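Chains as they are written, first to last, in the numbering used here: chain A, 2 to 257; chain B, 73 to 431.
Rather than coming from a laboratory, the hints here were simulated on the basis of the structure. Given the structure is predicted, the values throughout are model-derived calculations rather than measurements. Incorrect hints may appear among the rest.
Now the in silico label distances, taken between C-beta atoms and shown as ranges [unchecked claim]:
| no. | chain 1 | residue 1 | chain 2 | residue 2 | range |
| --- | --- | --- | --- | --- | --- |
| 1 | A | Y157 | B | R412 | 42 to 50 Å |
| 2 | B | L339 | A | F16 | 33 to 41 Å |
| 3 | B | I200 | A | F16 | 25 to 33 Å |
| 4 | B | G238 | A | K69 | 29 to 37 Å |
| 5 | B | F212 | A | H15 | 43 to 51 Å |
| 6 | A | Y157 | B | R114 | 50 to 58 Å |
| 7 | A | G187 | B | A86 | 48 to 56 Å |
| 8 | B | R412 | A | G253 | 54 to 62 Å |
| 9 | B | R114 | A | A129 | 43 to 51 Å |
Note that beta-carbon positions come from the ideal geometry of N, C-alpha and C, so glycine has one too.
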Amino acid sequence: MSTVLLEARGVAKHFGGVKALRDVSLTIRQGEIYGLIGPNGAGKTTFFNVLTGLYHPDGGEIVFAGEKLKASAPHEVAARGIARTFQNIRLFANMTARQNVMVGRHVRTGAGVLGAVLRNRRTRDEEAAIYRRAEELLHYVGVADRADDLARHLSYGDQRRLEIARALATEPQLLALDEPAAGMNGTETEGLRLLVEGIRADGITVLLIEHDVKLVMGLCDRVAVLDYGQKISEDVPAVVQKDPRVIEAYLGGAVA
Amino acid sequence: MTFFESLRHNRRAAIGAMIFLGLLLAVLPFTVGNLLGNSWLRILDFALLYIMLALGLNIVVGFAGLLDLGYIAFYAVGAYFYALLASPHFGLHLPVWLIIPGGAALAGLFGVILGAPTLRLRGDYLAIVTLGFGEIVRIFMNNLNAPINITNGPQGISGIDPINMGGVTLARPIEFLGITIPSLHAYYYLFLALALLIVFVSIRLEDSRIGRAWVAIREDEIAAKACGINTRNIKLLAFAMGASFGGVAGGLFAGFQGFVSPESFSLMESVMVLCMVVLGGMGNIPGVILGGILLTLLPEAFRHGAGPVQMALFGKILLDPEALRMLAFGLALIIVMLYRPAGLWPSSTRRREFKGEGA
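Please model the entire structure based on the sequences and the hints provided.
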């Protein structure tokens with residue numbers, strides 16, 4: 002449990018004059034569920050985007066599984082074993098649920114144009130394996146009965162689950178979920194909690210951005226708190242909850 | 073559409089339909105030639121070329137969602153490649169089995185070269201840049217006659233070798249098993265064979281890892297990246313594949329026509345091919361084929377039919393058939409886009425997309 006999977010060292014990101022991330026360092030251990038919380042605009046999603054290569058950091062570096070992550074190369078980050086979901090769901094809206102998950106297998110498969118045209122034994126086997134894995138994952142997240150429906154026609158909660166299935170299809174070591182419970186009702190959130198625990202039980206480390214404090218405190222092994230782009234606290238949930246800096250960030254400081 | 077869906081489930085009916093379609097396509101040139109004459113046979117041959125072009129553009133626009141307004145440039149590359157290597161212009165007469173694949177490869181390379189600078193662009197911006205590229209290629213063809221005469225400028229290249237396969241030239245009637253196959257018929261069969269090959273490649277690509285990656289990029293490029301798709305390479309692959317289909321069609325065009333000039337590769341041609349893709353049903357292979365056939369045949373039908381019909385009705389020609397043709401073409405486009413926004417024959421998912429059925 003104690004080997005380090007991901008280490009961010011002094012990560013910084015500026016947008017013009019706005020310092021979205023300032024010297025953020027954090028350590029995620031193998032097999033834990035790590036929460037990243039903070040008020041709106043604290044820089045959580047920016048950190049995700051730097052981590053997954055969508056943004057180029059202005060400073061610092063991220064070491065994943067012992068090797069530095071190459072900046073601004075999202076597909077290489079996925080190949081290294083980091084998968085993510087998005088705060089505002091980004092599915093392939095006009096593909097079926099199954100096809101969405103099948104796209105997730107892209108990075109672990111290799112058929113090219115020649116294989117596709119000739120459809121030789123290897124390509125056929127690979128396609129069959131992609132299809133099977135997609136079916137398994139659709140079952141795993143519980144949207145198997147909607148496999149042939151377009152992703153855009155799924156309910157909101159199912160879309161969130163489908164996005165997780167697509168991310169899992171890339172065989173990640175680290176699954177980064179950006180507000181997966183946003184907009185969910187109590188039952189759906191409970192279902193999500195079970196799903197995330199199951200994912201961790203399968204040996205995948207989870208990084209979670211979430212506003213639902215109850216969910217974060219109940220689910221996460223450790224939590225980091227961002228405020229104005231800086232990490233102000235990092236510890237087990239019980240300690241973070243009592244940290245005066247965290248309380249100040251959320252509720253405002255004492256009136257001077 | 074239920075007819076086609078039933079074919080998918082009933083194997084015997086599907087085989088029967090295939091045999092019927094095969095026979096129909098085999099006797100078509102003789103029927104058309106006898107009933108309507110050689111000019112319609114030529115139009116039929118051109119319809120097959122346009123089907124190849126439309127299927128190529130369909131990969132770029134329909135699958136990968138990259139709006140390309142300069143597609144005809146690749147047709148031009150294929151045509152000029154053939155014209156330069158098999159004509160008296162340079163005195164070269166290379167065999168067709170070398171030039172057609174070579175033209176396809178060169179067009180594919182041009183697809184990559186023209187695609188590379190546009191990788192960050194989408195939608196309107198991409199359309200404008202590709203439009204510019206298309207014009208650049210045409211203007212180059214127009215002006216590369218000085219200081220060294222490469223393309224012979226606006227006069228174009230004439231006297232191009234007809235397609236010659238294994239010592240048999242398609243320019244003259246061919247005796248085959250006691251049947252005489254006239255030249256236009258022979259070209260028809262050759263074009264049909266290559267069009268079918270391109271259909272086959274398109275179908276195989278659509279339902280593959282690469283095809284899914286193209287559609288994923290069309291749907292959401294950022295999510296596609298996050299799924300580990302190297303969007304740069306996959307987009308370039310779409311440009312190259314689409315362009316190579318255009319290159320094949322271009323080479324065939326040069327051999328068939330015997331003459332190429334920059335005039336044949338104007339912006340209007342790019343727009344025409346794009347119309348075939350959009351009107352037929354973007355992203356759906358049968359739809360795109362239908363679009364290619366209709367947009368080749370209907371304007372010609374107008375050109376040939378409008379004069380006689382007016383003579384019969386009014387005793388004189390009131391409207392120039394040529395003008396009437398474009399009028400009808402524009403009208404048809406507007407009507408189709410109003411009443412069938414997904415195209416005449418959209419793919420099943422796109423049909424659902426526009427109807428918005430489901431949950």
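Verification of the supplied hints:
1. A/Y157 x B/R412: 42 to 50 Å: violated (31 Å)
2. B/L339 x A/F16: 33 to 41 Å: Taking Cβ atoms as reference, B/L339 and A/F16 lie about 40 Å apart, which means the hint holds.
3. B/I200 x A/F16: 25 to 33 Å: Since B/I200 and A/F16 have Cβ atoms about 28 Å apart, the given range 25 to 33 Å holds.
4. B/G238 x A/K69: 29 to 37 Å: Because 59 Å falls outside the window, the suggested range is violated.
5. B/F212 x A/H15: 43 to 51 Å: The hinted range 43 to 51 Å holds for B/F212 and A/H15, with Cβ atoms some 44 Å apart.
6. A/Y157 x B/R114: 50 to 58 Å: holds (56 Å)
7. A/G187 x B/A86: 48 to 56 Å: Given range 48 to 56 Å: holds, Cβ gap about 51 Å.
8. B/R412 x A/G253: 54 to 62 Å: 58 Å Cβ-Cβ, so the 54 to 62 Å window holds.
9. B/R114 x A/A129: 43 to 51 Å: holds (46 Å)
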